[in-house]
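The residues making up each chain are set out below.
Number of protein chains: 2
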Amino acid sequence: MKATVHVFLKAGVLDVQGKAVESALHGLGWPDVSAVRVGRVIEFDLVAQDAATADAEVEAMCDRLLANTVIESFRVEITP
Amino acid sequence: MKATVHVFLKAGVLDVQGKAVESALHGLGWPDVSAVRVGRVIEFDLVAQDAATADAEVEAMCDRLLANTVIESFRVEITP
Chain A
103 MKATVHVFLK AGVLDVQGKA VESALHGLGW PDVSAVRVGR VIEFDLVAQD
153 AATADAEVEA MCDRLLANTV IESFRVEITP
Chain B
103 MKATVHVFLK AGVLDVQGKA VESALHGLGW PDVSAVRVGR VIEFDLVAQD
153 AATADAEVEA MCDRLLANTV IESFRVEITP
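Quick mapping for you: the protein sequence lines, in order, are chains A and B. 103 is the number of the first residue of the first sequence in our numbering; add one for each residue after it. 103 is the number of the first residue of the second sequence in our numbering; add one for each residue after it.
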């Protein structure tokens, strides 16, 4: 199965990288761009009996390694 | 409109971050994980007349700022 994990800073946390990108886009001539958020996406293959098992495994991976859950939220997608 | 840009290293380029994550997951007890790729995802709002215009604008942003097209590929999604 294929897992895709999106990791973003939580809503209340200042996204410095997003602010830098937004400022750069404004400077390059796109003043209408707003609310820029920069996150990570992690894709991988894994072996699991079914999608529910895979989802639980990947959530555990996020909690332990892939996301800093104090300041980041994550979303898991499993495709067969 | 809302734009989502996924940026990944091209297939032939060594993904050092992905390799590190894969190795860490193996060490944490998930030996069945493979082909880990780590990329960036950039989300933002923009003003555009229609989805096609927005798509063209965002592709231009990727070429100029958001992706290093020598070693990275990108995928743009526009949602109203």
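Worth flagging that the hints you see were computed from the coordinates, not collected in a lab. A portion of the hints provided could be inaccurate.
No copy is singled out in the list; a pair is fine if it fits within one copy or between any two copies.
What the hints assert, rightly or not - Derived DMTMM-like pairs (lysine to aspartate or glutamate); straight-line CA-CA distance at most 25 angstroms: (1) 112 with 152; (2) 112 with 179; (3) 112 with 145; (4) 121 with 134.
Verification of the hints:
no.: 1; hint: 112 with 152; result: neither (29 angstroms within a copy, 30 angstroms between copies)
no.: 2; hint: 112 with 179; result: both (18 angstroms within a copy, 22 angstroms between copies)
no.: 3; hint: 112 with 145; result: both (21 angstroms within a copy, 14 angstroms between copies)
no.: 4; hint: 121 with 134; result: within (14 angstroms within a copy, 37 angstroms between copies)
When held up to the earlier numbered hints, the structure conflicts with hint 1 and nothing else.
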